[in-house]
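Chains as they are written, first to last, in our numbering: chain S, 226 to 623; chain B, 226 to 623.
Possibly wrong hints are sitting among the right ones.
Which copy is meant is left open, so a pair is good if it fits within one copy or across any two.
Derived pair list, reagent style SDA-like, types lysine to any residue, alpha-carbon separation capped at 20 Å [to be verified]:
#, residue 1, residue 2
1, 253, 263
2, 253, 299
3, 571, 371
4, 386, 365
5, 571, 606
6, 284, 267
7, 284, 273
8, 571, 603
9, 386, 230
10, 253, 409
11, 284, 265
12, 253, 292
13, 253, 265
14, 253, 479
15, 386, 422
16, 571, 613
17, 386, 414
18, 571, 273
None of these hints come from the bench; they were simulated from the model.
Here the structure is a predicted model, which is why all the values come from computation and not from measurement.
Number of protein chains: 2
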Amino acid sequence: MLTDPRLATRTRHMQSNAIREILKVVSKPGMISLAGGIPAPESFPTERMDEIFGTVMAKYGAQALQYDATEGFEPLRVALSDYLAQQSVQASAEEILIFSGSQSVLDTVAKMVISPGDIIVTEEPTYLGALSAFAPYEPRYRTVSTDEEGMIPEALEEVLKTEAVKLIYLTPTFQNPTGYTLSLARRRAIGQLLQTYNCLLLEDDPYSALRYRGHALPPVWSFAPEQVIYSSTLSKVFAPGLRIGFCVAPEWLRPWLVVAKQGVDLHTSTLNQALAVEYLTGGHLPEQLATIIELYRPRQEALLQALTQHFPQDFIWSRPEGGMFVWVIGPEGLDAEAVYWSSVEKGTAFVPGKYFFAQPETGLSTMRLNFTMVDESTLDHAVQVIAEAIQEATAETA
Amino acid sequence: MLTDPRLATRTRHMQSNAIREILKVVSKPGMISLAGGIPAPESFPTERMDEIFGTVMAKYGAQALQYDATEGFEPLRVALSDYLAQQSVQASAEEILIFSGSQSVLDTVAKMVISPGDIIVTEEPTYLGALSAFAPYEPRYRTVSTDEEGMIPEALEEVLKTEAVKLIYLTPTFQNPTGYTLSLARRRAIGQLLQTYNCLLLEDDPYSALRYRGHALPPVWSFAPEQVIYSSTLSKVFAPGLRIGFCVAPEWLRPWLVVAKQGVDLHTSTLNQALAVEYLTGGHLPEQLATIIELYRPRQEALLQALTQHFPQDFIWSRPEGGMFVWVIGPEGLDAEAVYWSSVEKGTAFVPGKYFFAQPETGLSTMRLNFTMVDESTLDHAVQVIAEAIQEATAETA
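Here chain S stands alone, though its shape is the one from the complex (with noise of 0.2 Å):
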């Protein structure tokens, strides 16, 4: 592959996220999307911000518009001790470093451990933001088998066997695209094989809070600290468009991530952070976390009643306890792209699975559906829509 020689090299294996490039097409004024991944407008204190934005204001003044620390602003890193200990992450303030959005905990990570041609283990299907932020580093992926249950733990090991593996990425809880979560048991698994193979993890956790039915699992995390960099996010619990996210890495790690993002952007936004403190500390999130929970779990319980409802028999889907995302399988030689066209036709937008897969050809027939920025009785009609394409789809091809 021939590259412009005004770039560098590495700019080959770079390419724009193509999820981005169909929610271009799917903007249109009146259609009805399930292809975002974003939470809804909805969802966001949006009136409890003037509050927020007074109290840090009176506390931290100037403070909150100067430069700062690139660890993190110190209360933020205090705030999220507490915050993560309520989810089996005991980490002191000075284990958690502040990132601009989980995005930036990845392409950090990335940026310090591959060197070209290293190894990244990912799911198969994963999330290609994930895929973006590792592009510039060059790594060579090794996939590894997903069921229900999340990654297969003896599929992990058969490659971990034979390959010298630097990373391994995993969004363990309500993965995106598929919804899936990694069961306890192989939680266990996975933690003890990083533990043999002192293979290092970056365990994805965005959405692990958006939980609608039964219990917490505790992250990988917990199970081999050393080999973990735990990754999460304010973004589906607070507002994206402050781009708070943060990790807990081990010892080792911590200084070169510091390092690397005096490099890559001084440090987050003090503001923001600012912002954050008061939200966690201030008795904002329980009460705005129910408020979120109650707007997303009939919206995911419509959507699934809808699938049982309209769908082919023939098909099947994910029935996660949480998240954002439902994933659908369809029979094999469905062209899931071209349902995807008839169905914006019709005025309704989802994502073809194939786009999250790394090799070609594969996952034609999945769909990913995404449910939180459409109420009930739109999601019941969009499904039926995407269900018509689907026979126009299949009659097409017989």
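Given chain S, work out where chain B should sit, using these hints.
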């Protein structure tokens, strides 16, 4: 040099910014610091923030809290187009990309154009933050001589003639650390060289709005817009804690910068971009900038006057018409680091200039003095202390 096998090979080029390390030492209570490079907190529009925030929430509501385009918040790109037009940068909103501080521009440009071993030309001395942004992409450096009128075009041409230069990095106005400003004739000459050798320049312009005397000069960009990435920031005219930087880039490079930024942090904080829109368009900037200049101008005058009064005759220093720094060159043989330690003992800090030189054992007799954080009478006192430390260091040498 050995690299920890858990890390990427690129980490061998990376190290913590020495100035930030020095700043840790000088943060003890009571220390007078001329070492920093940050704006005075009293220069921030702290009192205006409630009004600005209120307007933003009223105007944009949940949109200010939502994900947004990688390219930047559209109203901010429009507002910056107007702002830049006042500074001889005629760029449409579409040509302007928003980044998370200008540090993030430096990182992203280097990521997109520098392959390992590619040559970057810098001034000597140069801004350390740029070197930490560039380091992970493993460039080689060539330095070009600089005098009171900035980089010497003839010296630059010598390098361009003999080497394949991938990128030139310049801070043409009130440079950090020297305060030097590239003369108009040299701006024109360098613009001409860029075209002749079809070479790319990264023009870093954080300080030009902080002008206390004399007339504004057009950026090098205006002489060769196809060969220049013009980069600037709102950190010095609004607030650094918001992390709003931006650049104007040639058309061929822009899509690549967007793809890279998507992988690094998806986009810059929507809320902070919306605050910046209101600051720029709501009539705040002109009043606040006048306040900032009236704060810094007398400080800089006090520093220059104190140097004349207290420093030995064989020292020379820059007399910039703006910015945040004055550069002092002591007589050959002076060990400015010895002066530093002696001065710190007496309660006054600055930065020994050698840290800004790529070559070891260079710039040993130089010092960078910042004047933004300290009032006039304290500046006079601080210069007296440093003068005493010089006397002691010189006596010991003699």
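Hint-by-hint comparison with the structure:
1. 253 <-> 263: For residue 253 and residue 263, the Cα distance is within 20 Å only inside one copy (17 Å; across copies 45 Å).
2. 253 <-> 299: between (43 Å within a copy, 17 Å between copies)
3. 571 <-> 371: neither (33 Å within a copy, 64 Å between copies)
4. 386 <-> 365: Answer is within; shortest intra-copy Cα gap is 17 Å, inter-copy 38 Å.
5. 571 <-> 606: Classified as within: same-chain Cα gap 11 Å, cross-chain 75 Å, threshold 20 Å.
6. 284 <-> 267: between (28 Å within a copy, 16 Å between copies)
7. 284 <-> 273: Both, since 17 Å and 16 Å are each at most 20 Å.
8. 571 <-> 603: within (14 Å within a copy, 71 Å between copies)
9. 386 <-> 230: between (39 Å within a copy, 18 Å between copies)
10. 253 <-> 409: neither (42 Å within a copy, 48 Å between copies)
11. 284 <-> 265: between (30 Å within a copy, 18 Å between copies)
12. 253 <-> 292: Answer is between; shortest inter-copy Cα gap is 18 Å, intra-copy 40 Å.
13. 253 <-> 265: within (18 Å within a copy, 46 Å between copies)
14. 253 <-> 479: neither (44 Å within a copy, 25 Å between copies)
15. 386 <-> 422: Answer is within: at 8 Å inside a copy they meet the 20 Å cutoff, but 52 Å across does not.
16. 571 <-> 613: within (9 Å within a copy, 81 Å between copies)
17. 386 <-> 414: Within one copy only: 15 Å inside a chain, 60 Å across chains, cut-off 20 Å.
18. 571 <-> 273: This pair counts as neither: shortest intra-copy Cα distance 38 Å, inter-copy 49 Å.
In this structure, the earlier hints numbered 3, 10, 14 and 18 are contradicted, and the remaining ones agree with it.
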